[in-house]
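Visitor: With the hints as extra help, turn the sequences into a complete structure.
Residue numbers (my numbering), protein chains in the order written: chain A, 463 to 926; chain B, 1287 to 1597.
It is worth saying that the hints were derived from the structure and are not from the lab.
Quick caveat, the model's predicted, so the values are computed rather than measured.
Warning: the hint list may mix true and false statements.
[Said to hold, decoys possible] Here are the computed lysine-lysine pairs in the DSBU-like style, where the Cα-Cα straight-line distance is at most 30 angstroms: (1) Lys524/A <-> Lys852/A; (2) Lys604/A <-> Lys924/A; (3) Lys917/A <-> Lys539/A; (4) Lys604/A <-> Lys817/A; (5) Lys925/A <-> Lys1377/B; (6) Lys826/A <-> Lys781/A; (7) Lys703/A <-> Lys1377/B; (8) Lys521/A <-> Lys548/A; (9) Lys909/A <-> Lys1377/B; (10) Lys1377/B <-> Lys917/A; (11) Lys826/A <-> Lys539/A; (12) Lys924/A <-> Lys1377/B; (13) Lys806/A <-> Lys817/A; (14) Lys539/A <-> Lys817/A; (15) Lys604/A <-> Lys909/A.
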Amino acid sequence: MTRSGYRRTAGLLLATALGLTASACGSGDEPAQNNARPTAGGSAAAGPVSITVNCMPPKTNKAQRATFQEDLDAFQKLNPNIKIEKATDAFPCYEPRTFEAKLAGGQLETVFYVNFPNVGRLMESGQAADLTPYVDELKTFKDYNASIDIFKKDGKIYGLPTDGYGMGLVYNRDVFTKAGLDPSNPPKTWAEVQAAAKKIAALGPGYVGFGEYSGNNVGGWHFTASLYGRGGDVLTPDGKKAAFNTPEGQAVLENLKQMRWTDNSMGSKLYIDWPSLMKAMAGGKMGMMLGAPDVLIGLRNDFQAKFENYQITALPEAKALFNGGAGYMINPKATPEQIRAGLKWIEYEFLTPGKGQLDYVRAKGADLTVGQPYPDLYGADTPSGQEVLKLRSENANVDPAQFALWVEGSKGIPPKAEPGPYAQEIYAILDTPMSAVLTRQDADVAKLLSDAEAKVNALLEKKG
Amino acid sequence: MTATSMRVSRSPRGSRGRPATKRRREVRRNITAYGFLCGALICFAFFSWYPMVWEVVLSFQQTNFVDPPIWVGLENFVTVFQDAAFGPAWKNTVMFTVLALIFGYGVPFVIALVLNELRHARAYLRFVVYLPVMLPPAVGVLLFQWFYEPEYGLFNQILGFFRLPALDWLNSTDTALVSLVIVSTWMNLGTGTLIYLAALQTIPGELYEAAELDGAGIFKRIWHVTIPQTKLILLVMLLLQIVATMQVFIEPYLLTGGGPENSTVSVVYLMYQYAFNFGNINGGNALGVMLMIVLMVFSAIYLRVSREDKS
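Guide: Okay, structure coming up:
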C-alpha cells in the first residue's frame, strides 16, 4: 500500500471509530424512555405495568426454583395489572462484572439483588432508585429492625434488606470431639479460640485449628468483622479517617500471627476467596472459622458438608456484630409505576410472613432447611417478627441446637454495618496486613497497620 | 473525417471512460474479497476498535450510566496514579514480563531445537508439548494450585524426595511472582514451540551441511545458522510475548488474589479491581489507557519489524 493509501485507510478507520463513539456517547447521554425519576408522591396511574426481576434460583436447584416459579405465578394472579416479563437466573445474583454494562445497555432488571458490601457504593453512585416516597405503602416496612439502615443515605431509602445476619464462630463438632474439646461448650474468648485451635492442629497432618481469609478483599472483610467484634472501628464516625490502627486492630492481627506462627494452628494454605475457606471447612479437618449462620446452610447445600457436624456460637468477646446479608434495589431508570410494582414483588416474595421465602410450611415440604435463625429482618416485638419466629419454630426441620448458642450469645449485641461506600477499596488495602501476618513470621503488626492507615486516609481524602 | 481525427476526437471521452470501466472491472473482480473484508472490518470495528475508543472516552469521564457523563479531564488518571497499589502493580507487571521472557522465551526455543533434531516420536512429543495450550487457562491455573499446595503439593513432594527444603510458592512475597511465571510459561509453551519449530523447518538443510563441513559444532551451528535464519520470527515472538505477558491477569486473579502483600498485583488485576470491585469503571479505563499506550509502543515496533520482513 502506498503512503497515501495508508492515509486513506487510516482516515476511514478513524471516521468509523469516531462515528461509533459519537453514536455511543449519544446513547449514553440520552435518558431512556422510561427514565422518569421517582418524585415524592408520584402518581401511580392505574394500568398494566411490566417489570423484570432477577435472582431466580438456577435450574440445578430444582426445589427452590419450583417454589420461586410458583410465587411468580401467584403474585401475577394476585396483581393482574403487574406483569413480570422476565425472571433471570444468572448466578451469582449480583455480578459486578456485568452490572454496569447491563445498566448502560438498558438490560438491568427492574428489581435487582445486591449484597451488603456493594450497597453503599450503589447508593453513592446513584445507581439505585430512591424508594423513600413509596416504602410506606408496604405493610411490613414499619417492622424492620436496624438492618434497613444499610440501605439509608442522607435520610433516603434505596433498597430493602431481605436477608440479614450477624457474625459468629462456626465450628465442627466432630473435630472438637476428636481433639478432646467439648462441642457443647465452644470458646467464648479469643484466648480460648487460640487454645482450642492448638489442640485441633495437634490432631495431625491436615488438621487446621482456625481458618481465615487473606486476599481478594475477603481478608479485609474478615479483619473488619473481627475488629468490630473487639469493639474497634474501621473509620471514624464521620467516615473521614481510618480508625483501625488501635489496640483492637493490633489484637486482631497479633492473635492471627500467634496462631499461625507460634502455635502453628492455622495451616499453611492461604484462603484467598470465599469458596476456598468454605471448601476447607466442608472438608472436615478444619475446626473453626468466622462466619454467620448462613455459612452452615452454605456448607450443607453448596459444599456437601456433613451438616449435623457443624454448629455456630456467638462471636468471642463480641461488642458489636458485623452485619451481613443482602437485599433488593430498584433500577434507577424505572418509572414510579414500575417502582411500586417492584416493591410489591419484593414484599410478596421476601418480606411477607407465610409467603415466598418466609413460607416455612412449603419449604419444609420441599425438603428445604427451616429453623435457621435468619433472615433476621424484623424487630422481635413487631407483628411480622413474631409471626416469622412462630412459623419458623413450628416448621423447623434443622436441629435448633446447631444455632442456639449463637442466638443466645448474640442477644443484645448491636449490629454494625459496612465501613461506608468505599468498603471494597478499604478491604483491598486491609488484605495486605492480613496476608502479611499469615505469610511472614517477622510481620511487624504496628507497621502494617500504620501503612494501611496511611493508605486508607489517602483514599478517603481523595474521595472527599 | 480521417482516422487520426476520429482518434483525437474520441480521445477525451476515452480518457474519462477507460479508467472508470477499469475501476468497475476491478471492483467486480474483487467483490468477494471486499465482502470478506467488510465482515472482518465490522467485527474489528465492533469488538476491538469501538471498545478501545470507548475506553479512551470513559477514561476522561465520570459516569454512573444513569445520568449524563461528566468530563473530568485527567482526574481518573490522577486517582489511579495516587493509588497505593499503582506502583506495585507496574513493578510486578514489568517483573513478570521480564521473568516470563527469560523462561517463556528461551524454553520454547530450546524445546523446538530439540524436537527439530529428533528423528523418532517427533509428532507424539509435539502433541505432548502442545497439550497444555488445549486446556482452558482456568483449568491449567487451578492444576498448579494443587501443585503449589504447601503440605501435599507435587512440587514440595518432589523437593522432599531430593531432600530439599519445601518452598512457600504462592505464600511468600519472594516466590509468589515467580510461581505465577512458571504457570504462565507452562500454559504458553506449546504455541511458542510450534511457531519456532515451523521456523526451524524452513531453514535449508544445506546451510547446516556446509557449516558441518566447515567444522562447526552444535552450538556454533545454532549461533551461526539457526539464530540468523530465525532472527525475524524470534524478534516478532519477543514483541508479541511482551504485549501478551504485560496483560497478565488470570494467574494472580485465580492463584493469589494479588497477594501476599500486593506482591502479585498486576496492572490488569488492578484494572479489574477498579472496574468491578471498587465500582470505578472510569478509573479502570484510565489504567487501561495507560497500559494501552505502553503496549502500543511495542505493537508499533512489531508492525515495523513485520513490514521490514515483507519488504
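Visitor: Against this structure, judge whether each hint is valid.
Guide: How the hints compare with the structure:
About 27 angstroms separates the Cα atoms of Lys524/A and Lys852/A, which keeps this hinted pair within 30 angstroms; it holds. Our distance criterion of 30 angstroms between C-alpha atoms is broken by Lys604/A and Lys924/A, whose separation comes to about 38 angstroms. For the suggested pair Lys917/A and Lys539/A, the alpha carbons sit about 54 angstroms apart, so the restraint of at most 30 angstroms is broken. Only pairs whose Cα atoms come within 30 angstroms are accepted, and Lys604/A paired with Lys817/A is accepted, the gap being roughly 18 angstroms.
Of the pairs offered as hints, the one joining Lys925/A and Lys1377/B holds, with about 25 angstroms between alpha carbons and a cut-off of 30 angstroms not exceeded. Distance restraint check for Lys826/A and Lys781/A: the Cα-Cα separation of roughly 35 angstroms exceeds the 30 angstroms cut-off, and the hinted pair is therefore not satisfied. Taken as a hint, the Lys703/A and Lys1377/B pair is honoured in the structure, with Cα atoms around 28 angstroms apart against an allowance of 30 angstroms. Restraint check for Lys521/A and Lys548/A: satisfied, since their Cα atoms lie roughly 15 angstroms apart, inside the 30 angstroms limit.
Simply put, Lys909/A and Lys1377/B have alpha-carbon atoms about 22 angstroms apart, close enough for the 30 angstroms limit, and the pair holds. Between Lys1377/B and Lys917/A, the direct Cα distance comes to roughly 18 angstroms. Compliance with the 30 angstroms bound is thereby established for this hinted pair. The suggested pairing of Lys826/A with Lys539/A holds, with an alpha-carbon distance near 24 angstroms, which does not exceed 30 angstroms. Between the alpha carbons of Lys924/A and Lys1377/B the distance comes to roughly 23 angstroms, so the proposed pair stays at or under 30 angstroms and holds.
Between Lys806/A and Lys817/A the CA atoms are separated by roughly 13 angstroms; this keeps the pair inside 30 angstroms, and the hint holds. Straight-line distance between C-alpha atoms of Lys539/A and Lys817/A comes to about 14 angstroms, which keeps the hinted pair within the 30 angstroms bound. Distance check on the hinted pair: Lys604/A and Lys909/A sit about 46 angstroms apart at the alpha-carbon level, beyond 30 angstroms; violated.
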